[in-house]
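> Full structure from sequences and hints, please.
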Amino acid sequence: MTTLLNQLPIGLSIGAVLLLIALGLTFTFGQMGVINMAHGEFIMAGAYTAYLLQDWAGSQAVLVALPVAFAVAGALGWVLERTAIRHFYGRPLDTLLLTWGVSLVLQQAARDIFGAPNVQVVAPSWLTGRVEVLGGALPYARLFIMALALACVAGVWLYLDRSRQGRRMRAVVQNRELAAVSGVATGRVDQLTFFIGSGLAGVAGVALTLIGPVGPSLGTYYIVDAFLVVVAGGLGQLRGAVIAAVALGMLNSFAEFWTDASLAKVIVFAVVIGFLQVRPQGLFVLRSRALT
Amino acid sequence: MSDRLRGYALFASISLLLLVVAPLALPAFRLDELAKYLCFAIAALGIGLAWGQGGMLTLGQGVFFGLGGYAMAMYLKLHDAGGDLPDFMVWSGVEHLPALWKPFGNVGIALAAVVAVSVAIAVVLGVLVFRQRVRGAYFAILTQALAAAFVILLVGQQGLTGGTNGLTNFYDVFGRDPEAEGTQRTLYFVTAIVLGVLYLGARQLVKSRFGRLLVAVRDGEDRVRFLGYNPATVKTVTFAISAAMAGLAGALFVPVVGIISPSLLGVVPSLELVVAVAVGGRYALAGAVLGAVVMNYAKTSFSEQWAGGWLYLEGALFILVMTLAPKGAVGLYEQARDALARRRGVPAPAPTAPQEVAA
Amino acid sequence: MSEQSLLEIRGLEVVFDGFKALGGVDLTVAAGELRFLIGPNGAGKTTLIDVITGLTRPAAGTVRFAGTELAGRPEHKIVRLGIGRTFQTSVVFEELTVVENLDLAAGFRRPLPTLLRQRRGVSDEVAAALDTIGLGDLADRPAGVLSHGQRQWLEIGMLVAQRPRLLLLDEPVAGMSGDERERTGELLTEIARDHTVIVVEHDMEFLRRYASQVTVLHEGRVLVEGDVAAVQSDPRVQEVYLGRTREEAA
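Chains as they are written, first to last, in the working numbering: chain R, 1 to 292; chain U, 1 to 359; chain D, 1 to 250.
Please keep in mind that the hints were generated in silico from the structure rather than gathered at the bench. Glycine included, every Cβ here is placed at the ideal spot set by N, Cα and C. Treat the hints with caution; some may be incorrect.
As the list claims (entries may be wrong) - For the chain R half of the interface with chain U, some residues (derived, Cβ under 8 Å), not all of them: (1) LEU97; (2) GLN108; (3) VAL224.
What the hints assert, rightly or not - Okay, the calculated bits of chain D under chain U, using three or more residues with CB under 8 Å as the criterion: (4) 69-76; (5) 80-86; (6) 96-107; (7) 117-130.
Next up, the structure:
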């Protein structure tokens, strides 16, 4: 029972990381029809940002890195959007392949800059302990990750629901042409969406340094699962992403616990396929009448 | 009709090149390498069919390649062991032959499984996914997740699959020594002929009414329903054919190269196959074959010089192709040919660029 | 059901997210009839066609075609029963030639093995359809080069090649020039000679010229049914349709 309880924070924190990653993906996919495979490398960039900041901020690097990684990864995403992706709007399959090329280059660049072996980011001392709850251990680091994801989701929700910029963004997600003729500068909205989405991937990268080592292919471990979150949650849907990320994170960790690690991914895959039999377009769907 | 003649002439000259010139001109180990590229070309042919013609971007062909490869490798391991346990099982402390392995002692069953297992999985996945009208990017993501899960499963089930090392060290390939030059030569011919036959078959399929229907499904799946066809069936059949091709490719790969392992099958190798098809030209089957051979040749020769550089080159090449020449090498060739024809004053055929439909 | 009625719709209701798009529609179309379906925007005309062809599921009611219940059947099976439709924005396969488009439409009735063979020549029903729509000169050109009007005709030709018993045309003359309308009207008259046809149309001029029987939908219900003259003079129709959206009707 205690070991089972220990699975809970693991599942929740993995879900939290998946959520941070999937938020950017679901909005770039939903709003621009773009599948960004290089998103995984923005995670990696965020993690290496924390690694580099250790020289300057020492053991508090993780905290300092959060805003910096957001900016670094966001800037990378913005550059990618401006230079390449914007020519491919509405062609998700082509963007998938294009950005995979970018992802290859970025990974190799990381290998050349930081070396192929993994590096470690030292967590601040106040995050290394754990608290006992109901006989199970709750590591502070995992709690911190959950709180971080919660804060980010709240931020995104406030942005979408309360700010004028956010309303413009939702307008573009729902109907790009109509938004454009209503005077929304869709190009600007796209840039901002890309910046924020990529930035959140950077934040996820920092969070991941608390769970494990940092390497050039860090992003590839999470990107596939994050895409599954997008598929299961429904395109461009904040609620869907939250529920799907937590569900997949939990499923993953409990499947690993009950069977073994190698079967867990197969189970997750089977569950997602099964889920699509009930909700082929994910949890939440934007309805439209057009024959595509 | 001249188009058709030109097609036959091209096919005949490439056959001549592969079946006569290459075996005479290349040393045995280079021929063996070429055989390896031809294996990838067979898998690429399947991608050309599913993606180029049918619009299904399958990012998990490594799975089917692997299923075919492991089926063949399991037979070879059991044959080598001659009634005992295969070597790697002994090392992993397995005491009895797992039930999963038992049928593969029979060569007939193993060879049938090469195609049947891939087809069965593709059909199940295809029916579940296409019937629900899950398509486009969603399908791509799901196949990629399948590839990721498959590799993790292979690595984790050490005693069953040989883990990270995969299955290797075959001493007897259908009664021959796999290291012998003669065997390598024979395997090369077998691979080249299988590729040729599959190419002709795929070409016939593309030209048939089914092929026209497939293009229609790619460009307007929902409209096809109102012509009285079920697009899910068309797509599932095509996906299964492409899976069968990948399975065959994997099965040939095992004796040709002497190993099958997870690192050959995951997300990245599966994507690399797609990259090769895109570089060669996704809308032409010949482009898929050409792309697979050229890209793998480039990878081998470049990696010998500067391993990390290949990734830069592959990434950059891919960005360039997607941005500047989405129809790949074949597309560039057609553009050049049309431009030449215009300069000679012959009106070029109207360009009909297939546009990806937003998912 | 009566001997001659091909399509019988009873108590049909469709609900979209709580909004009642159709609120109990009854409609009977006899074999051989040419029926026009009109009504202001949002009246439920296209929704009605969507339900008949399986694109939208009804919340209640029955749709019987030649005695067979259609509700709940997948689209392609309804087509195979003999119902064909066009869409407001025409969708033809641009990569395929005009003949290939028609051949595909005629294809589902053929035995399965022919699917694996290459098309040789032009089959009779394709030739007939090609002749009907008058695109013989463009037979071997990709459909992508066709003009808007030609695409609509090709779509109608594909319908004819399907040899359906009931044709549903959704705004066939929308966006067409005067000449194209004329040509489409002639085409419609010709097809209606040996098919049962339902036409959804906004264009009143077109309606006056080519319609005989008209059904007016309003807010998801059938308002009036009858011949053109009777419908046009009906005060309720003038109230909801001609009166309120005069500019559209003009």
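> Against this structure, judge whether each hint is valid.
Hints, one by one, checked against the model:
Proximity of LEU97 (chain R) to chain U holds as hinted, the smallest CB-CB distance being about 6 Å (cut-off 8 Å). Residue-level restraint check for GLN108 (chain R) holds (minimum Cβ-Cβ distance to chain U is 4 Å; threshold 8 Å). Taking 8 Å as the C-beta cut-off, the interface hint given for VAL224 (chain R) holds, the closest approach to chain U being about 5 Å. Counting residues of the stretch 69-76 of chain D whose beta-carbon sits less than 8 Å from any beta-carbon of chain U gives 3, enough to reach three: the coverage restraint holds.
Look at the stretch 80-86 of chain D against chain U: 3 of its residues bring a Cβ nearer than 8 Å to a Cβ of that chain, three or more, so the hint holds. With a cut-off of 8 Å between beta carbons, the stretch 96-107 of chain D has 6 residues touching chain U; three or more are needed, and the interface restraint holds. Only residues whose beta carbon comes within less than 8 Å of a beta carbon in chain U count, and the stretch 117-130 of chain D has 3; three or more means the coverage holds.
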